[in-house]
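Participant: Start from the sequences, fold in the hints, and give me the full structure.
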Amino acid sequence: MEAPIRATHILGFALFFLLFFVCRSSPLHDLLISSAERRIDLTSHIVKVYLTLKVENAGSSPTSEILLAFPPTQVDHLATVEALVTKGKRKKTTLVRLDVKPTELPDAPNGTKYFTIYLANPLNSGESTTLEVLYLFTHSLEPFPAEIGQSESQLVYYRDSALILSPYHIKQQTTFIKTPSTKVESFTRVEPTNRAGTEMKYGPYEDHPPYSSSPILIHFENNSPFPVVEELVREVEISHWGNLQVTEQYTLVHGGARHKGVFSRVEYQSRPTLSGTSSLRYLLARLPPRVHSVYYRDEIGNISSSHLRTDSRKSELEIEPRYPLFGGWKATFIIGYGLPLQDFLFESSDDRRYLNFTFGCPLLETVVDKLTVKVVLPEGSKDPSAVVPFPVEQHLETKYSYLDVVGRTVVVMEKKNLVPSHNSHFQVHYTFKPIFMLAEPLMLASAFFLFFVACVAYLHIDLSIRK
Amino acid sequence: MATVTNTPVSDLLKSFKLKTKQQELLIRVSILCLVYILAFIIRLFSVLRYESMIHEFDPYFNYRTTLYLTQNGFYDFWNWFDYESWYPLGRIIGGTLYPGLMVTAVLIYRILHFLRFAVHIREVCVLTAPFFASNTTLVAYFFGKEIWDTGAGLVAAILIAICPGYISRSVAGSYDNEGVAIFALLFTFYLFVKAVNTGSLAWSLASAFGYFYMVSAWGGYVFIINLIPLYVLVLLITGRYSMRLYIAYNCMYVLGMLLAMQIRFVGFQHVQSGEHMAAMGVFFLMQVFYFLDWVKHMLSDTKLFQAFLRITVTCAVAVGTIALGLGMLSGYISPWTGRFYSLLDPTYAKDHIPIIASVSEHQPTAWSSFMFDYHILLFLFPAGLYFCFKRLSDATIFIVMYGLTSMYFAGVMVRLILVATPAVCLISAIAVSATVKNLTVLLRSKNKGVLTGSTKGSSSSKASSKALLDQSQPFQKNGAIALLFGAFYLLSKYATHCTWVTSEAYSSPSIVLAARGAHGNRVIFDDYREAYFWLRQNTPADAKVMSWWDYGYQITAMGNRTVIVDNNTWNNTHIATVGRAMSSYEDEAIEIMRSLDVDYVLVVFGGVTGYSSDDINKFLWMVRIGGGVFPVIKEPDYLVNGEYRVDKGAAPKMLNCLMYKLCYYRFGEMLTEYGKPPGYDRARGVEIGNKDIKLEHLEEAFTTSNWIVRIYKVKPPNNRW
Numbered sequence: 001m002e003a004p005i006r007a008t009h010i011l012g013f014a015l016f017f018l019l020f021f022v023c024r025s026s027p028l029h030d031l032l033i034s035s036a037e038r039r040i041d042l043t044s045h046i047v048k049v050y051l052t053l054k055v056e057n058a059g060s061s062p063t064s065e066i067l068l069a070f071p072p073t074q075v076d077h078l079a080t081v082e083a084l085v086t087k088g089k090r091k092k093t094t095l096v097r098l099d100v101k102p103t104e105l106p107d108a109p110n111g112t113k114y115f116t117i118y119l120a121n122p123l124n125s126g127e128s129t130t131l132e133v134l135y136l137f138t139h140s141l142e143p144f145p146a147e148i149g150q151s152e153s154q155l156v157y158y159r160d161s162a163l164i165l166s167p168y169h170i171k172q173q174t175t176f177i178k179t180p181s182t183k184v185e186s187f188t189r190v191e192p193t194n195r196a197g198t199e200m201k202y203g204p205y206e207d208h209p210p211y212s213s214s215p216i217l218i219h220f221e222n223n224s225p226f227p228v229v230e231e232l233v234r235e236v237e238i239s240h241w242g243n244l245q246v247t248e249q250y251t252l253v254h255g256g257a258r259h260k261g262v263f264s265r266v267e268y269q270s271r272p273t274l275s276g277t278s279s280l281r282y283l284l285a286r287l288p289p290r291v292h293s294v295y296y297r298d299e300i301g302n303i304s305s306s307h308l309r310t311d312s313r314k315s316e317l318e319i320e321p322r323y324p325l326f327g328g329w330k331a332t333f334i335i336g337y338g339l340p341l342q343d344f345l346f347e348s349s350d351d352r353r354y355l356n357f358t359f360g361c362p363l364l365e366t367v368v369d370k371l372t373v374k375v376v377l378p379e380g381s382k383d384p385s386a387v388v389p390f391p392v393e394q395h396l397e398t399k400y401s402y403l404d405v406v407g408r409t410v411v412v413m414e415k416k417n418l419v420p421s422h423n424s425h426f427q428v429h430y431t432f433k434p435i436f437m438l439a440e441p442l443m444l445a446s447a448f449f450l451f452f453v454a455c456v457a458y459l460h461i462d463l464s465i466r467k
Numbered sequence: 001m002a003t004v005t006n007t008p009v010s011d012l013l014k015s016f017k018l019k020t021k022q023q024e025l026l027i028r029v030s031i032l033c034l035v036y037i038l039a040f041i042i043r044l045f046s047v048l049r050y051e052s053m054i055h056e057f058d059p060y061f062n063y064r065t066t067l068y069l070t071q072n073g074f075y076d077f078w079n080w081f082d083y084e085s086w087y088p089l090g091r092i093i094g095g096t097l098y099p100g101l102m103v104t105a106v107l108i109y110r111i112l113h114f115l116r117f118a119v120h121i122r123e124v125c126v127l128t129a130p131f132f133a134s135n136t137t138l139v140a141y142f143f144g145k146e147i148w149d150t151g152a153g154l155v156a157a158i159l160i161a162i163c164p165g166y167i168s169r170s171v172a173g174s175y176d177n178e179g180v181a182i183f184a185l186l187f188t189f190y191l192f193v194k195a196v197n198t199g200s201l202a203w204s205l206a207s208a209f210g211y212f213y214m215v216s217a218w219g220g221y222v223f224i225i226n227l228i229p230l231y232v233l234v235l236l237i238t239g240r241y242s243m244r245l246y247i248a249y250n251c252m253y254v255l256g257m258l259l260a261m262q263i264r265f266v267g268f269q270h271v272q273s274g275e276h277m278a279a280m281g282v283f284f285l286m287q288v289f290y291f292l293d294w295v296k297h298m299l300s301d302t303k304l305f306q307a308f309l310r311i312t313v314t315c316a317v318a319v320g321t322i323a324l325g326l327g328m329l330s331g332y333i334s335p336w337t338g339r340f341y342s343l344l345d346p347t348y349a350k351d352h353i354p355i356i357a358s359v360s361e362h363q364p365t366a367w368s369s370f371m372f373d374y375h376i377l378l379f380l381f382p383a384g385l386y387f388c389f390k391r392l393s394d395a396t397i398f399i400v401m402y403g404l405t406s407m408y409f410a411g412v413m414v415r416l417i418l419v420a421t422p423a424v425c426l427i428s429a430i431a432v433s434a435t436v437k438n439l440t441v442l443l444r445s446k447n448k449g450v451l452t453g454s455t456k457g458s459s460s461s462k463a464s465s466k467a468l469l470d471q472s473q474p475f476q477k478n479g480a481i482a483l484l485f486g487a488f489y490l491l492s493k494y495a496t497h498c499t500w501v502t503s504e505a506y507s508s509p510s511i512v513l514a515a516r517g518a519h520g521n522r523v524i525f526d527d528y529r530e531a532y533f534w535l536r537q538n539t540p541a542d543a544k545v546m547s548w549w550d551y552g553y554q555i556t557a558m559g560n561r562t563v564i565v566d567n568n569t570w571n572n573t574h575i576a577t578v579g580r581a582m583s584s585y586e587d588e589a590i591e592i593m594r595s596l597d598v599d600y601v602l603v604v605f606g607g608v609t610g611y612s613s614d615d616i617n618k619f620l621w622m623v624r625i626g627g628g629v630f631p632v633i634k635e636p637d638y639l640v641n642g643e644y645r646v647d648k649g650a651a652p653k654m655l656n657c658l659m660y661k662l663c664y665y666r667f668g669e670m671l672t673e674y675g676k677p678p679g680y681d682r683a684r685g686v687e688i689g690n691k692d693i694k695l696e697h698l699e700e701a702f703t704t705s706n707w708i709v710r711i712y713k714v715k716p717p718n719n720r721w
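Top to bottom, those sequences are chains A and B. Mapping of the first sequence onto UniProt numbering: residues 1 to 467, in sequence order. Mapping of the second sequence onto UniProt numbering: residues 1 to 721, in sequence order.
FYI, nobody ran anything at the bench for these hints, they're computed from the structure. Quantities reported herein were computed from a predicted structural model and do not represent experimental measurements. For glycine and all other residues, C-beta sits at the position ideal for the given N, C-alpha and C. It is possible that part of the hints are untrue.
As the list claims (entries may be wrong) - Covered, in the sense of this in silico footprint (three residues per stretch, anywhere, with C-beta under 8 Å from a C-beta of chain A), are these stretches of chain B:
1) 111-119
2) 264-272
3) 526-538
Stated by the list, open to error - Dumping the calculated PhoX-like pairs for lysine-lysine here, alpha-carbon to alpha-carbon at most 20 Å:
4) A:Lys260 - B:Lys713
5) A:Lys201 - A:Lys48
6) A:Lys260 - B:Lys676
7) B:Lys713 - A:Lys330
Claimed, not checked - Selected chain B positions facing chain A (in silico; Cβ < 7 Å):
8) Met53
9) Leu343
10) Glu673
Facilitator: Structure (structure tokens):
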């Protein structure tokens with residue numbers, strides 16, 4: 001399927017367009033979802049949605065594509081979509097990850113956006129399969145009231161539809177919504193609706209046609225802080241002398257309800273449970289094991305409030321901003337650390353080298369609005385190429401560091417709207433001749449040599465004058 | 001003794017002699033290298049104890065301007081009008097600073113980047129002072145060599161490398177004018193003495209450039225432009241006038257003056273300000289002297305010359321006085337500034353300029369701080385003076401005059417200990433070097449005698465004469481050894497003292513405070529940066545912050561916000577307005593704050609941590625400075641029977657003034673120490689007098705975790721519906 005789409009885009013053959021539409025439109029009406037269960041987790045500021053779909057092919061031709069639909073308001077906040085399918089029978093079930101790609105459909109009602117799940121094996125007519133879909137939304141909890149005082153708790157709105165938006169007919173569906181606490185101010189009822197403890201149940205609803213929706217609004221308490229990194233620049237510098245230096249520049253903001261009025265330190269110190277409950281006091285960064293020379297600073301110097309715990313499997317860095325972050329407050333800081341090179345740099349079979357490193361932000365439970373990863377290759381590296389598991393914008397830069405003459409090649413990768421699940425590995429391949437390693441020491445050595453030669457020469461001249 | 005030995009041995013000895021010369025050179029160079037490194041690394045305590053950061057108050061301004069210079073280039077820097085300070089007046093930065101330090105730092109930065117060292121400008125700034133301290137040791141060596149000998153030069157280099165009086169202003173991070181200026185000062189003096197000694201135009205030209213660098217770096221250049229004429233005058237009076245002096249002074253003065261006029265902040269002061277008139281007077285006097293010399297040379301008749309001399313000198317003095325008088329009367333020559341007066345008369349500032357008197361480093365020096373900063377140099381200094389007088393030359397006269405005048409200034413103001421330090425080190429070095437040399441010469445000649453006596457029996461007559469000489473001065477050898485040990489003991493004590501002082505007293509950045517916790521662990525109070533960073537991140541970019549002027553530079557540099565007043569205390573009225581606001585009742589203060597567009601008020605408060613240099617302790621100076629311009633503010637209103645109190649017995653005006661309210665707002669609820677009532681102020685050791693403080697026009701915006709900095713927001717005026 002992929003090939004003709006690309007062909008149409010590149011060549012624009014009308015014939016291919018026609019073929020494409022025929023192919024495309026047919027599976028839409030032939031598939032149906034026999035049961036759907038959706039669990040929405042609202043406990044943190046990243047909204048997690050687990051969707052279990054039982055898809056049935058009611059048509060005559062086999063198909064390997066299943067569409068997921070999202071309203072345009074949600075698609076802007078959608079960070080990631082994953083689809084899994086269970087394989088094997090009963091005991092030996094394994095989950096297999098499926099390809100998910102954003103898709104444009106020309107006749108989408110109300111600007112609906114689509115994602116296509118590509119099944120590994122085509123679904124024959126009459127067959128059914130169960131898909132597990134997980135998707136995450138960021139910036140989807142709207143604080144209301146938008147501004148709160150120090151001792152007030154943070155209330156947020158969550159907007160969604162009680163019915164799952166789908167281009168397919170859904171026979172039966174249920175939605176469970178989990179809130180962080182039992183304190184729910186209000187919620188829209190779409191009967192049957194139940195609420196027990198921290199969970200709300202919408203449904204089951206029977207037989208809904210495609211594109212049916214029923215908006216709901218939930219107003220509840222969410223006192224967890226909303227750490228949002230507006231911009232993160234990670235610089236990974238490779239030194240073939242055995243060190244990998246990582247420098248991360250953060251612009252952190254508390255994305256929750258804005259702080260209003262007074263900040264009273266006496267209340268904050270004496271009543272920590274009542275005052276400033278949604279304030280961001282500390283953050284946890286999970287760093288690779290064997291990390292060394294960690295620093296935590298900002299434009300005006302070192303920040304002394306951080307703790308590093310290391311064991312053989314991981315390192316945890318607990319950092320406190322200079323001041324507790326209330327809603328809307330900002331802090332910028334830099335974390336830097338060194339890593340042993342042999343853990344991350346490998347030689348591939350074709351005599352090239354590649355760096356294998358994690359892409360996302362090491363801070364836990366944090367949304368990153370814009371991430372730039374810069375891989376600084378050693379001077380003299382050639383033909384860099386990056387392999388990233390998701391689409392990113394890439395370009396090359398040159399950076400001058402200590403004793404550089406021609407500059408180092410920097411592979412820059414940019415991505416927007418990241419969540420912790422983007423912390424997967426990426427690879428940067430490049431060729432490097434080991435002789436370049438000696439360039440800088442030789443330069444230094446020759447400079448010192450010349451200096452001493454000059455000294456010797458000067459002294460000899462000096463003595464000859466004295467005689 | 002070579003005469004008595006056979007030829008191969010004498011050859012060997014000859015080659016050995018050459019080798020000792022080389023060895024001497026090698027030892028000298030390696031000692032200098034070690035001293036150079038030592039001077040650098042002893043100043044790194046602050047980096048090791050804390051971090052690579054800029055210290056104190058003024059260095060933050062210098063850092064900020066250096067940053068601006070690196071980012072915008074020299075011309076923008078020269079034309080920089082700073083809107084972020086002295087709101088609403090602003091400040092012409094290019095015309096009101098000494099750019100030497102910033103240009104030096106940027107030059108080093110550029111050179112390093114050219115050599116592909118990708119350092120940050122902050123690191124360059126932090127290490128500028130130690131780097132120049134190292135260079136100063138080299139200059140001290142050459143200076144010592146010039147006035148005495150190489151031994152004195154080496155000792156001077158070692159002494160100045162670790163002298164606490166100099167370290168106090170040149171530790172890593174102390175990015176201040178003085179760090180560069182002391183180098184420039186000593187270098188100029190060295191070049192000038194060299195010029196006087198050689199009479200060479202090249203050296204006097206070099207000293208003019210040295211003077212130019214000094215003028216570009218620090219206001220203390222006034223010391224040079226007054227000391228050198230004074231020195232020339234003394235030489236003239238003592239009859240040491242020479243062509244060498246004439247060349248050195250004229251070239252240095254004329255060129256130095258012209259070069260100094262290129263610095264905008266100095267401008268035409270060399271011809272217009274009373275402080276620089278001495279140099280000009282001496283310049284003309286030199287010409288008169290030269291003229292007379294010439295006339296004397298032409299006229300062989302002494303009587304006629306005497307008459308001519310009388311007429312010429314009278315005329316010259318009369319013309320000079322009339323010119324000076326006219327200049328003064330017409331206002332062309334400005335009178336001496338208050339700062340200059342306060343140097344000559346230590347009580348002047350206290351009576352007339354409270355803003356100068358309020359700074360702790362402008363106080364008269366206590367004996368203890370002399371001891372602290374000089375240690376054994378204090379005793380070696382008079383000894384060195386004795387040696388200098390014993391061997392008077394143009395150079396020693398200079399160092400004596402430099403030593404004596406700067407010692408006087410050091411007694412007037414604590415911070416001027418710094419200026420005296422090089423002189424004290426040089427003179428002490430002469431004492432040490434001369435003493436040790438005399439003693440070792442004594443020991444060596446005796447050893448030689450013993451050696452010759454034992455190895456060569458043939459020259460018995462010489463040996464016997466030596467023995468006779470020894471017997472004439474009994475215990476000479478033992479005495480010399482004891483004195484040498486004494487000297488080494490004192491010098492090693494000096495080294496340990498210097499290291500201790502540097503590590504304990506002079507390496508604190510004063511932005512970050514460190515204390516010992518209950519379990520002996522190190523507790524860090526990083527409240528200043530917490531507050532400044534909060535300002536930087538969480539207030540509108542155009543917010544105006546009112547605070548006492550001490551924190552102005554830090555707020556603009558670290559907080560990146562506009563301030564009303566800062567450490568460049570050029571406008572006394574503006575500072576007095578802030579002082580008035582701080583010492584008024586809240587409803588009066590709000591009028592002043594609104595008129596200045598103040599958005600935030602920042603106060604420093606040490607009541608929780610026991611930090612004593614906070615705003616409450618500085619408050620009386622605010623009252624005095626405010627009262628000096630606005631007579632509504634009267635100091636006695638804040639005192640009870642002449643006593644300054646903050647507890648229940650405090651004056652009612654004190655308990656309700658803005659500063660008191662802002663410092664102690666909601667402090668009455670706070671329990672600071674066990675067994676003490678709430679609201680116990682640990683800095684002053686009393687329970688505060690007003691625990692129920694209500695603020696009407698301000699609200700607490702931020703208080704740091706140890707309460708050291710408190711920031712209040714000025715509320716917008718209420719709607720009048």
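Participant: Indicate, hint by hint, whether the structure satisfies it.
Facilitator: Now the hints, each set against the structure:
1. Counting residues of the segment 111-119 of chain B whose CB lies closer than 8 Å to any CB of chain A gives 3, which reaches the minimum of 3, so the coverage claim holds.
2. Residue count for the segment 264-272 of chain B with a Cβ under 8 Å from a Cβ of chain A: 0. That is fewer than the three needed, and the coverage hint is violated.
3. With 9 residues having a Cβ less than 8 Å from any Cβ of chain A, the segment 526-538 of chain B passes the three-residue criterion, so the hint holds.
4. This hinted pair checks out: Lys260 of chain A and Lys713 of chain B have alpha carbons roughly 12 Å apart, not beyond 20 Å.
5. For the hint linking Lys201 of chain A to Lys48 of chain A, the alpha-carbon distance of about 16 Å falls within 20 Å, and the restraint holds.
6. Our distance criterion of 20 Å between C-alpha atoms is broken by Lys260 of chain A and Lys676 of chain B, whose separation comes to about 34 Å.
7. Annotation: proposed proximity of Lys713 of chain B to Lys330 of chain A holds, straight-line Cα distance about 18 Å (limit 20 Å).
8. At its closest, the beta carbon of Met53 of chain B sits 5 Å from a beta carbon of chain A; the interface hint therefore holds under the 7 Å criterion.
9. Because the closest C-beta pair between Leu343 of chain B and chain A is about 36 Å apart, greater than 7 Å, the hint is violated.
10. At its closest, the beta carbon of Glu673 of chain B sits 15 Å from a beta carbon of chain A; the interface hint therefore is violated under the 7 Å criterion.
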